[in-house]
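Residues per chain are reported as follows:
Protein chains: 2
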Amino acid sequence: MNGLFSKTNNKEFKEIVQKISKRLNLNPNDLEKGFERKIITKYEYNDKKYLCFKKKLRHIERGTIVFLNDNFDYFCGYPKIKRAMMLKASLDKYFDKKIAIEEKLDGYNIRIIKFEDEILAVTRGGKICPFTTKKVKKYLKTTFLDDYPNLMLCGEMIGLNNPYVNQYYIEAEKDYENLGFYIFDIRERETNIPYSISKKEELFKKYEIPHVKPIIIDKKDISKLWEILNTLNENKKEGVILKDPEMLMEPLKYTTQHTQCNDLSIAFKYTYDIGIDFMFSRIVREGYQSFEMSESKEEELNRAEKLGKSIFLPMIQTIKDVSEGITSKECFELFFESEPDFLEFMNYLKKMHVPIIIESKEIMGKIIKVRICRIYNATTDKIKSHLEGNLW
Amino acid sequence: MNGLFSKTNNKEFKEIVQKISKRLNLNPNDLEKGFERKIITKYEYNDKKYLCFKKKLRHIERGTIVFLNDNFDYFCGYPKIKRAMMLKASLDKYFDKKIAIEEKLDGYNIRIIKFEDEILAVTRGGKICPFTTKKVKKYLKTTFLDDYPNLMLCGEMIGLNNPYVNQYYIEAEKDYENLGFYIFDIRERETNIPYSISKKEELFKKYEIPHVKPIIIDKKDISKLWEILNTLNENKKEGVILKDPEMLMEPLKYTTQHTQCNDLSIAFKYTYDIGIDFMFSRIVREGYQSFEMSESKEEELNRAEKLGKSIFLPMIQTIKDVSEGITSKECFELFFESEPDFLEFMNYLKKMHVPIIIESKEIMGKIIKVRICRIYNATTDKIKSHLEGNLW
Chain A
1 MNGLFSKTNN
11 KEFKEIVQKI
21 SKRLNLNPND
31 LEKGFERKII
41 TKYEYNDKKY
51 LCFKKKLRHI
61 ERGTIVFLND
71 NFDYFCGYPK
81 IKRAMMLKAS
91 LDKYFDKKIA
101 IEEKLDGYNI
111 RIIKFEDEIL
121 AVTRGGKICP
131 FTTKKVKKYL
141 KTTFLDDYPN
151 LMLCGEMIGL
161 NNPYVNQYYI
171 EAEKDYENLG
181 FYIFDIRERE
191 TNIPYSISKK
201 EELFKKYEIP
211 HVKPIIIDKK
221 DISKLWEILN
231 TLNENKKEGV
241 ILKDPEMLME
251 PLKYTTQHTQ
261 CNDLSIAFKY
271 TYDIGIDFMF
281 SRIVREGYQS
291 FEMSESKEEE
301 LNRAEKLGKS
311 IFLPMIQTIK
321 DVSEGITSKE
331 CFELFFESEP
341 DFLEFMNYLK
351 KMHVPIIIES
361 KEIMGKIIKV
371 RICRIYNATT
381 DKIKSHLEGN
391 LW
Chain B
1 MNGLFSKTNN
11 KEFKEIVQKI
21 SKRLNLNPND
31 LEKGFERKII
41 TKYEYNDKKY
51 LCFKKKLRHI
61 ERGTIVFLND
71 NFDYFCGYPK
81 IKRAMMLKAS
91 LDKYFDKKIA
101 IEEKLDGYNI
111 RIIKFEDEIL
121 AVTRGGKICP
131 FTTKKVKKYL
141 KTTFLDDYPN
151 LMLCGEMIGL
161 NNPYVNQYYI
171 EAEKDYENLG
181 FYIFDIRERE
191 TNIPYSISKK
201 EELFKKYEIP
211 HVKPIIIDKK
221 DISKLWEILN
231 TLNENKKEGV
241 ILKDPEMLME
251 PLKYTTQHTQ
261 CNDLSIAFKY
271 TYDIGIDFMF
281 SRIVREGYQS
291 FEMSESKEEE
301 LNRAEKLGKS
311 IFLPMIQTIK
321 DVSEGITSKE
331 CFELFFESEP
341 DFLEFMNYLK
351 KMHVPIIIES
361 KEIMGKIIKV
371 RICRIYNATT
381 DKIKSHLEGN
391 LW
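Those sequence lines, one after another, are chains A and B. Just so we're aligned, residue 1 is where the first sequence starts under this note's numbering, counting upward by one. Just so we're aligned, residue 1 is where the second sequence starts under this note's numbering, counting upward by one.
Treat the hints as calculated values from the structure; they're not laboratory data. Everything numeric in this text was worked out from a predicted model, so none of it was measured. Take the hints with a grain of salt, since some may be wrong.
One copy or two, it doesn't matter: identical chains are merged, so the pair holds either way.
What the hints assert, rightly or not - Capping the alpha-carbon separation at 27 Å, the derived lysine-lysine pairs in DSS-like fashion look like this:
{"id": "1", "residue 1": "K137", "residue 2": "K48"}
{"id": "2", "residue 1": "K320", "residue 2": "K297"}
{"id": "3", "residue 1": "K253", "residue 2": "K11"}
{"id": "4", "residue 1": "K236", "residue 2": "K297"}
{"id": "5", "residue 1": "K38", "residue 2": "K22"}
{"id": "6", "residue 1": "K220", "residue 2": "K206"}
{"id": "7", "residue 1": "K80", "residue 2": "K98"}
{"id": "8", "residue 1": "K93", "residue 2": "K320"}
{"id": "9", "residue 1": "K351", "residue 2": "K141"}
{"id": "10", "residue 1": "K224", "residue 2": "K320"}
{"id": "11", "residue 1": "K82", "residue 2": "K382"}
{"id": "12", "residue 1": "K382", "residue 2": "K219"}
{"id": "13", "residue 1": "K82", "residue 2": "K220"}
{"id": "14", "residue 1": "K97", "residue 2": "K224"}
{"id": "15", "residue 1": "K236", "residue 2": "K309"}
{"id": "16", "residue 1": "K82", "residue 2": "K236"}
{"id": "17", "residue 1": "K361", "residue 2": "K137"}
{"id": "18", "residue 1": "K55", "residue 2": "K382"}
{"id": "19", "residue 1": "K134", "residue 2": "K361"}
{"id": "20", "residue 1": "K48", "residue 2": "K33"}
{"id": "21", "residue 1": "K269", "residue 2": "K309"}
{"id": "22", "residue 1": "K14", "residue 2": "K297"}
{"id": "23", "residue 1": "K306", "residue 2": "K320"}
{"id": "24", "residue 1": "K42", "residue 2": "K98"}
{"id": "25", "residue 1": "K80", "residue 2": "K49"}
{"id": "26", "residue 1": "K253", "residue 2": "K80"}
{"id": "27", "residue 1": "K320", "residue 2": "K253"}
{"id": "28", "residue 1": "K309", "residue 2": "K320"}
Isolated chain A (complex conformation):
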């Protein structure tokens, strides 16, 4: 199996490509091109070797992983959820009578799977994350996967103390950390077919799985949805995922003003590291939302002001920081149960080429508390350069 990517072992490689392509129902030429163009790469977790689809390739979703065992077991990536810009028009166009509304949590999308008797947590991008895997084992009842190993639990890791998106959630409070898992989909691992809302709810209850609770409304009753969105916005929540109760249509997402502005604050804080497409898309969402809400002149001005502040204030704060010699960075406080757990995760970040520094490490009894910061080099360097007078 080790020779899979060695050029000297061309015959074995061809054979494996044949087998995987059959398994995934993907043309072997496309698969080979995927390897060549590094869309598919090989990783390893606890001696389990697997392939990761870094981008969508034909019908194979981004984040799909294929284990390099005899059976080439694979787990589909979580599909991209498209966004409604005009809520009512999109619901009319894409949905039938009823809509299930679920809160969109501001965390990190993960799939929890069982493979060769081990529970594993897979990131959106298709990597087995050692940190998340350990926390899942610690906090989540996974007996469900013992009974249904061909299913995946798709959900969100939330809370202040995770390495991807640190956002405090009161419901994620634990003994010494703020972290939790909320499942929103049950999907067949090979077909990606999701269970209906009623079926998944039944199973969540039976197996005591913490989950996002859907509210079913009539499509005509859109005012109820706007009420929910207003409440979410007031409570600084992210938004909603809208689903067909039978899951026959693809889900949609829609986010609050709070989210748009918060995203922009983060984007302009790391001014030159976050893509400008990210910024632009958040700005225009505000336009459509204001229009759809038929806002008054005063409400429009209010939104314009909030937008301006979200963009401008974090940006000048970063310029001020860099002028004082402070490097632009995003920091996370993480808790590990042991030194090997900590080292394993550091090693994982290194393999993923994430530029980090460890700001502090504190032993708290059996627990290790670490402050890790992701470095934003482009922001720091570019601002420094302009402060020194270099031209654009």
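Once you have looked at the hints, place chain B on chain A.
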């Protein structure tokens, strides 16, 4: 000469490439690649055939034009002027003792040249514009070029009634139109070497050429420059060009808050037609300017609010317009002296692939007043699509 680009006439093509490459001191292979990659294209004006460099190629500036006469006469493109993000630091870094400050006009960069006894106006991009050429002949004394045919007059076409940037200038008021020319540089057509500030001023006066008036300050006296910038900002002017009085160093530009916000308003009005790099660059300029001005919290909030309004209000207005069936477009009112002049310019726009519609045409005695609108299809189509419920 007509066979220059016909593949059947390879030998003649090679010969011409040799001659031009010698003339421009450019490697013939680079020149050939320029043709292949369509960086260099052929145009025609009044039976004068010329090549246009659409991008900078090695040392040949974008906008350079080469006439296809026996001598391959050429005129260098106007060089890109770099921008200071931090004014003081950039002046310290790039300038010597004295600085000439010139107002940056909000119009359209043109070069006025004399070729084969005819006065021609060349756009920044390197096209001979029939509209501008006619207006130059009408409004500008060009005896200077009779005496110095190897020089170029580089300047700005300003005013409400030009087809590129319509911005009212009181000083551009004419009989029936608002249009004027202000020269800011005299350059040698083949070397692009600019005349010093004192030399150009002397010639401007002697030949009665309307021009931008420089103010010379000591580099240490930057407060004077900030005063000028504040006044320009209050008067809704664009900014300044900073030059070494001897023109030994490259000029720099710096713009006002008014310009940043005004640019953003235009960019977000034509939401999906203007590049997001354009938007991003204007936003960050505001950050550096606020920082360099050491603004108070109140001033920062004020700038944030202005920024937000500049982005948000034009954007929702465009969404509202499109929702009412109004196409996103930018309109210009132009005056022509005759029907052939009008038709010639329409033909020119067609050749340049500018999508336009003629909204109205009015005969005013000997003058024709035409309202021409440039259509922004991406903005109209994309907004329409989202309004219909299509997802992002």
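K38 and K22: within-copy, between-copy, both or neither at 27 Å Cα: Within. Shortest intra-copy distance 20 Å satisfies the 27 Å Cα cut-off; inter-copy 45 Å does not.
Within, between, both or neither: K220, K206 at alpha-carbon 27 Å: For K220 and K206, the Cα distance exceeds 27 Å both inside one copy (32 Å) and across copies (77 Å).
Within, between, both or neither: K382, K219 at alpha-carbon 27 Å: Classified as between; 25 Å across copies, 49 Å inside a copy.
Intra/inter-copy verdict for K320 and K297 if alpha-carbon distance must be at most 27 Å: For K320 and K297, the Cα distance is within 27 Å only across copies (13 Å; inside one copy 34 Å).
Same-copy or cross-copy closeness of K82 to K220 [CA-CA at most 27 Å]: within (21 Å within a copy, 56 Å between copies)
Up to 27 Å CA-CA - K141 versus K351, copy category: Neither. Shortest intra-copy (29 Å) and inter-copy (69 Å) distances fail the 27 Å Cα cut-off.
Alpha-carbon proximity between K134 and K361, which holds within one copy, between copies, both or neither at 27 Å: within (19 Å within a copy, 74 Å between copies)
Within, between, both or neither, where K253 and K80 count as close if Cα-Cα is 27 Å or less: within (10 Å within a copy, 44 Å between copies)
Homomeric proximity label, K42 with K98: Cα distance no greater than 27 Å: Answer is neither: 42 Å inside a copy and 61 Å across each miss the 27 Å cutoff.
Within, between, both or neither: K224, K320 at alpha-carbon 27 Å: Close across copies (25 Å), not inside one copy (44 Å); limit 27 Å.
Intra- versus inter-subunit Cα pairing at 27 Å for K93 with K320: between (47 Å within a copy, 21 Å between copies)
Alpha-carbon proximity context of K82 and K236, limit 27 Å: within (22 Å within a copy, 42 Å between copies)
Against the hints set out earlier in the document, violations occur for numbers 3, 6, 9, 22 and 24.
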